[in-house]
Amino acid sequence: MLCRRLAAQAPCWLRSAGTLTAPAAAGEVAPTKPVNSEDGITTTVPGQAFVGDLRSTSALEVGDGVFDHTKKWLQGNHKSPMEYIQSTEPIKCHGLVVASYGYDDPALGCPVEYINLKGTTRDSPAVCKYTGNKFYSDDWVGGGAH
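Just so you know, the sequence shown maps onto residues 1222 to 1367 in this note's numbering.
The hints are simulated quantities; they were obtained by calculation from the structure and are not laboratory data. Treat each hint with caution, since some may be false.
Claimed, not checked - Below, computed lysine-lysine pairings styled on BS3-like, alpha-carbon distance capped at 25 Å: (1) LYS1300 / LYS1339; (2) LYS1355 / LYS1300; (3) LYS1350 / LYS1300; (4) LYS1350 / LYS1313; (5) LYS1355 / LYS1339.
Claimed, not checked - So the derived label-pair ranges between C-beta atoms look like this: (6) ASP1360 / HIS1299: 30 to 40 Å; (7) GLY1297 / GLY1340: 14 to 24 Å; (8) VAL1333 / LYS1313: 14 to 24 Å.
Just so you know, even glycine gets a beta-carbon here, dropped at the ideal spot from N, CA and C.
Please model the complete structure; the sequences and the hints are all you need to start from.
Have a look at this one:
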């Protein structure tokens, strides 16, 4: 009974995408099938969705013509997030190890990554695998760690 009520409340775009077949609309379990998007990449259809709930879609397909995150960043003259990360300058640090928090506040962002800076230079920095921040240190050149 609950499945029938949820199927009746499903958004119209779910029905038109073929996600809700006749058996699913009647409350039966129906397998989901992959859908080919306009760029030819096979994607799976979303699972359960509620009217007005955009959490599962990340505000995609809300009428602005953007259907995936790649197109979201590549529209217009805007830089992609990767271009912003690559354009930043390396951060000079003192010592041989740096803790990359991903942000000024360690409570936000990615897990802490401890990066060994031995052998790094401004031209060849060490890169945080979570944030893309680049770090280097000249303290290792003389053999001293301090």
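Restraint check for LYS1355 with LYS1300, where alpha carbons must lie at most 25 Å apart: holds (19 Å)
LYS1300 paired with LYS1339 [C-alpha distance capped at 25 Å]: violated (32 Å)
Status of the given 30 to 40 Å range, CB of HIS1299 versus CB of ASP1360: holds (38 Å)
Hinted pair LYS1350 and LYS1313, Cα distance within 25 Å: holds (18 Å)
Status of the given 14 to 24 Å range, CB of GLY1340 versus CB of GLY1297: violated (40 Å)
Pair hint LYS1350 and LYS1300, alpha-carbon separation not exceeding 25 Å: holds (20 Å)
Distance restraint evaluation - VAL1333, LYS1313, Cβ atoms, bounds 14 to 24 Å: Hint holds: Cβ distance 20 Å, inside 14 to 24 Å.
Agreement of LYS1355 and LYS1339 with the hint, judged by alpha carbon distance not exceeding 25 Å: Roughly 14 Å separates the two Cα atoms, so the pair holds.
Checked against the numbered hints listed earlier, the structure breaks hints 1, 7; every other hint is satisfied.
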